[in-house]
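A.B. asks: So the sequences go chain by chain: R and H. Reading the first sequence from the start, the letters are residues 0 to 397 in numbering that gives the first Met the number 0. Reading the second sequence from the start, the letters are residues 0 to 397 in numbering that gives the first Met the number 0.
What the hints contain is simulated information worked out from the structure, not anything from laboratory work. A portion of the hints provided could be inaccurate.
Each pair may be met inside one copy or between any two copies, as identical chains are not told apart.
As the list claims (entries may be wrong) - Result set (SDA-like, lysine to any residue): computed pairs, CA atoms no more than 25 Å apart in a straight line:
(1) K282 to A131
(2) K178 to F30
(3) K388 to G263
(4) K279 to E219
(5) K326 to E117
Fair warning: this is a prediction, and the values are worked out from it, not measured in the lab.
Number of protein chains: 2
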Amino acid sequence: MLNVVSREDAVSCVLRHTQRTDVGTQTVPLFSAAGRTLACGVTAAEDVPAFDRTTVDGYAVRAADTFGASAAIPAQLEVVGTVGMGEAPRFSVGAGQCAAISTGGMLPRGADAAVMVEHTDDADGLCLVYRAAAPGENITRRGDDIAAGSVALHAGTRIGVPQIGVLSALGVYDVTVFKKPVIAVLSTGDELVRGRPALGQVRDVNGYLLCALIERAGAEPLFCGAVPDDRAKIAAALRDCLGKADAVLISGGSSAGTRDMTVGILDELGEVCFHGIAMKPGKPTIFGTAGGKPVFGLPGHPLAAYFVFRLVVADYLRALLHADADKPVRAAALSTNIPSNHGREEFLCVRLGENGEAIPLYTKSGVISVLSAADGFIRIPRDTEGLQKGACVEIYEL
Amino acid sequence: MLNVVSREDAVSCVLRHTQRTDVGTQTVPLFSAAGRTLACGVTAAEDVPAFDRTTVDGYAVRAADTFGASAAIPAQLEVVGTVGMGEAPRFSVGAGQCAAISTGGMLPRGADAAVMVEHTDDADGLCLVYRAAAPGENITRRGDDIAAGSVALHAGTRIGVPQIGVLSALGVYDVTVFKKPVIAVLSTGDELVRGRPALGQVRDVNGYLLCALIERAGAEPLFCGAVPDDRAKIAAALRDCLGKADAVLISGGSSAGTRDMTVGILDELGEVCFHGIAMKPGKPTIFGTAGGKPVFGLPGHPLAAYFVFRLVVADYLRALLHADADKPVRAAALSTNIPSNHGREEFLCVRLGENGEAIPLYTKSGVISVLSAADGFIRIPRDTEGLQKGACVEIYEL
């Protein structure tokens, strides 16, 4: 009945459809750029620093004049001026001369090093230098940090705090980033209510969970509410979503009837690419297109919807946003054997024990609190004979 | 000259002043709660699920009726009804009976297990069950996920995607979180310009870097621009910041003259608590209070300002927001020896080599691009004899 594919094939199939989706770029102010992804590489238009600078408070010197200087026999240099901050010095430093300078000050012509004020003394207008300086000592040369013409940041870089530093140093106050794709979220189910549920009814979890995941992935969630298990109503809501968003996540339909409805609607509005992924949880996942846009039919169980988002939908968003793959944050030893999963790739919440071991948190379907009790999740590949106690597993952040 | 303290003492001193700062709480909609910190614990007002539910599509049964059932000798049960989604069934399941049910449907009275539709067949209105079900099989009991009256989330929990799931399951659509403290950022320096710098001038980096760090820490940055190294102007700008923010970061003043100005102004408006931290980079850091509010005087070098924020200011913000301490994200072996740091705790950017080893990125003062080239940073404790090649170091995210 189901056209079940492996997760790798599911992701490949989804990514093929991503090529048709171009979310475009936009320019945002540097103050709003954190968390966004660079759409264009940034080539330095200027040297950073733009001039040779000292890194200490003290004196700009000609290093050769200080060779052999010591506490006993200091070099004696004539002070020919003071470098003001933010100014290009109008004088130069000749043999036997030096200039007072503060951290970040521009090195005067002739000088090639700086000595810290702590290693000098003032004697009748002469500067006594008690320590030899090597050429270049306590100096940052023009372009040392970032050279003009070099690629300072590559296209596709996620802008974090370090990148904000680089962009501000280069004077890039308007940053071209990928637009946030708008992802619509539609919950389905006769049992879903907003407000206090009557007996037999439940609150919508997936709507909130998926919107939070979309936002964290750097996209813009558009929550379109919950619709009952009625084919005409779901089809109308999906059409509405397709008009507003770059892709749609329909959650729910874990009951056979609704699954069939979603498949039927996709067949009518577009095409179904796969129906079922060999992963646990997350098997009853549907993917297709409608109006040329990707539509994901996610399981109704929140934990299953969570993992399908993290392991399939997130890859789609990363491709749109040219973002890096999800990396495990740590490795740990398993606290117990894990039995074979019979041909389905399995994802399991774990908590870390007192000795840093990974303790699997087995849970019934439909449970959500395990996510907030866990420290991460692990992946158990398909077709393994299970994992042994003590085996090293990689842990992904939730 | 400097009243230099260890970083631990610096943090303790800062935290003592935090007790005076109460940022208060506010209520935000669940859709905006991600990234915020819970100001109150959340006690479950209802059971999740609120009733016994099936986790499969199939039939609700009395487990005892299926004992001994097999493919050869199926149990034969009378189908007495269908459980509609979102409804409390109006019938009960007696001995020898069963009811059709979809995933998430409410278990009818009398039933204590569910069998998957795949293990059943339909024969003239009878349901043939080919496999025995244990009591409780394929059922989630009322309160199994979250029990009414239990503490679902503790005060001080940072709200991530898992917590959004729990809050939505409990119907907590308005969430009480700590207010974002407003942190003012003031850059100082005669050399700072906005727009294209003339020779000797530089662009402000710290203003952008610190605002991005403040935002990432969950607080609200208020950038108050750059002021020249003029005591009256800095004092006026500081007073202005104090009127608008919960705390102030004055960056710059790495030159001796400005340092003295900041100390002088703090002496005049409040008090100086310490002047200098035994850390590298980051030594020229000042902390005091003015108008009862914390004022941090951060180094002018962006990398030094970055580390003082991460290792000192961030602790202050975490205390205000009741957030967890920064944890290293991975461990790695050092690629090379690191010499002793002579009594200062040292923080060093590293990149990860091909074999996962941590390669220190030594850099001159004042350089910013090293942050974006690095994969993280390491901490070298005070008063060690250096670290040996191959030693295991913990890596913190940048």
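A.B. asks: Now, for every hint given, state plainly whether the structure supports it.
C.D. replies: Consistency of the hints with the structure:
no.	hint	in the structure
1	K282 to A131	between (72 Å within a copy, 24 Å between copies)
2	K178 to F30	both (16 Å within a copy, 21 Å between copies)
3	K388 to G263	neither (45 Å within a copy, 62 Å between copies)
4	K279 to E219	neither (27 Å within a copy, 40 Å between copies)
5	K326 to E117	neither (47 Å within a copy, 37 Å between copies)
Figure legend: structure checked against the earlier numbered hints; hints not met, in rising order: 3, 4, 5.
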